[in-house]
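Take a look at the letters that make up each chain.
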Amino acid sequence: MNAAPAVIYRHSWLDTLSAWVLALLWILPLAYAVWTAFHPSDYAIRFDLSAPWTLQNFRNAWEAAPFARYFFNTTLLVIIILVAQMILSTLAAFAFARYEFRGKHIAFALVLVQLMIMPDILLVENYKTMANLGLVDTLFAIGLPYFASAFAIFLLRQTFMGIPKELDEAARVEGASTLQILWRVYVPLAKPVYTAFALVSVSFHWNNFLWPLIITNSVESRPLTVGLQVFSSVEQGVDWSTITAATLMTSAPLLLAFILFQRQFVQSFMRAGIK
Amino acid sequence: MRASSSSIAGSGQRSIHAWLLLLPALVLLVTFTHWPAVATLIDSFYSTPKGVRAAVWVGLENYEVMADDPVFWQAVRNNLWFAAATIPASIGLALLMALWVNERIAGRMWVRMAYFTPTVLPMIAVANIWLFFYTPQYGLLEQVTGALGLPSHNWLGDPRTALACVTLVAVWKEAGFFMIFYLAALQTLNPSLKEAAAIEGASRWYFFRRVQWPLLMPTTLFVLVNAVVNAFRLVDHVFILTRGGPDNATSLLLYHLYEVGFKFWDTAYAAAITVVLVVVLASVALFQFFVLDKKVHYK
Chain A
429 MNAAPAVIYR
439 HSWLDTLSAW
449 VLALLWILPL
459 AYAVWTAFHP
469 SDYAIRFDLS
479 APWTLQNFRN
489 AWEAAPFARY
499 FFNTTLLVII
509 ILVAQMILST
519 LAAFAFARYE
529 FRGKHIAFAL
539 VLVQLMIMPD
549 ILLVENYKTM
559 ANLGLVDTLF
569 AIGLPYFASA
579 FAIFLLRQTF
589 MGIPKELDEA
599 ARVEGASTLQ
609 ILWRVYVPLA
619 KPVYTAFALV
629 SVSFHWNNFL
639 WPLIITNSVE
649 SRPLTVGLQV
659 FSSVEQGVDW
669 STITAATLMT
679 SAPLLLAFIL
689 FQRQFVQSFM
699 RAGIK
Chain B
21 MRASSSSIAG
31 SGQRSIHAWL
41 LLLPALVLLV
51 TFTHWPAVAT
61 LIDSFYSTPK
71 GVRAAVWVGL
81 ENYEVMADDP
91 VFWQAVRNNL
101 WFAAATIPAS
111 IGLALLMALW
121 VNERIAGRMW
131 VRMAYFTPTV
141 LPMIAVANIW
151 LFFYTPQYGL
161 LEQVTGALGL
171 PSHNWLGDPR
181 TALACVTLVA
191 VWKEAGFFMI
201 FYLAALQTLN
211 PSLKEAAAIE
221 GASRWYFFRR
231 VQWPLLMPTT
241 LFVLVNAVVN
251 AFRLVDHVFI
261 LTRGGPDNAT
271 SLLLYHLYEV
281 GFKFWDTAYA
291 AAITVVLVVV
301 LASVALFQFF
311 VLDKKVHYK
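Chains A and B supply the protein sequences, listed in that same order. All the letters of the first sequence, read from the start, carry residue numbers 429 to 703 under this note's numbering. All the letters of the second sequence, read from the start, carry residue numbers 21 to 319 under this note's numbering.
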């Protein structure tokens, strides 16, 4: 039906060319980083197709800083945050979607506030709170302010509201408890939204920097981003090739996931964006 | 247990259930968002506690210090400049990218991927790569300008160019992210609109201006709010690229807040700066609530 008329607006070759030029410009920094990381440091500043390939830069970086520890910390961190976010926001979203109670609108407004004023801004107060709780310099302290995600609550509430009440009632007649209904009916039906949120959350917290920088000060609790910043600061005197290798290592898991699941990634961001 | 919502006892019980479900999330939200926001406001009227001397009420003194602090004003100017440059540039590029990859151009998947990739990379990692581009003498930018016979320039070391360099990285990082939302919106537009316009003989530019652009308005507003918020939140790259220098030329509000709070440990003054940031973000929230909400309904 729309096959024939669609060609009337034929995009010109100029469009394709410009799109490609911009795409190449956009990927250039990354392509450069890959080039540098896989070649001896003499080639970091001159491009030579005959340059030998090497993994030495990765070895150097890996030995120069406790990256294994950083990887472990970051992985653990994003898992803890994700699990906490999913449990807490599922419960809250269910309450907003399926219950009528006094104070509901105020409670929902309190949730929405966090969409704009994120814990990232309230650094000093949150630091004080963590100090009072004796949690400074722990992984738990990095994650705790993010456990309750307004975004997740909002997203899941929208989804839960779209689930027919009849399913709910049918399960209730079967004698299922509220939590059983939530677990057996609502959560499975919202699976795509959970996947979308998981991708957004993992990539946000894998990349998060300022709060982890402030709340951690030792190798034991530092995530990758903070470790990378410590590693590549000017005083360290490591060469460019090693730094780019470390940089690529830090981004590799997300980058690989993105290349493998490109379609899902893009769609999940789209889904997360449309409210 | 099986409460019928009509009976009074039942609805009371359901109310308790609902609050119990909300409790964990609300406690955390209050602890790490609402209470800190209120506490920050209160703290901004007190002095910084030092050693044995507890904080004392100083009224608006922290704000007076702020008014006289040239670095604060520099950060405000920088941040406004940063916002004024990143917001239109990233949104404009995002729209252009989305229009391109929405067409059936050759290698569309690759192009789309190239645009979006910076979004998934950590800003800290990205800044490392760009740092090399800007490096004097042997950086990539230097090599290009050198090849063109232009004089050598220290891009990040010169107060006149440093902020532009920081801005460029932010635009590069954000444009692909915003593209996704435009792309999503474009794909929901009815294809028959395009056919009708084509049959009527409307030019593509006319079609964009009169049909696509107005229909993309809700998306633009959504992206705009995000871009404004990000303009006051994105500082990670400043840590790697310039540390606010040279001569505070790239100090943004959040970076200045970090320095005051965690390098000089002047928590009272930091509270006052936080209040300014919260007011900015709250204004964006109110704009979203009253303007954007009319276009994109929550229910």
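Quick caveat, the hints were computed from the structure, so don't treat them as lab data. Warning: the hint list may mix true and false statements.
Each computed BS3-like pair below joins lysine-lysine, with the alpha-carbon atoms no more than 25 Å apart [unchecked claim]: (1) A:K619 to A:K556; (2) B:K214 to A:K556; (3) B:K70 to B:K214; (4) B:K283 to A:K556; (5) A:K593 to A:K556.
Here are some chain A residues the structure puts well away from chain B; computed CB gaps all over 10 Å [unchecked claim]: (6) P468; (7) P480; (8) R497; (9) T503; (10) N554; (11) Y555; (12) P573; (13) V613; (14) I642; (15) E648; (16) S679; (17) F697.
Just so it is clear, CB atoms sit at the ideal spot from N, CA and C, and this is done for glycine as well.
Requested in this report: Just pull the numbers of the violated hints for me, sorted ascending.
Outcome: 1, 2, 3, 5, 10, 11, 12, 14, 16, 17
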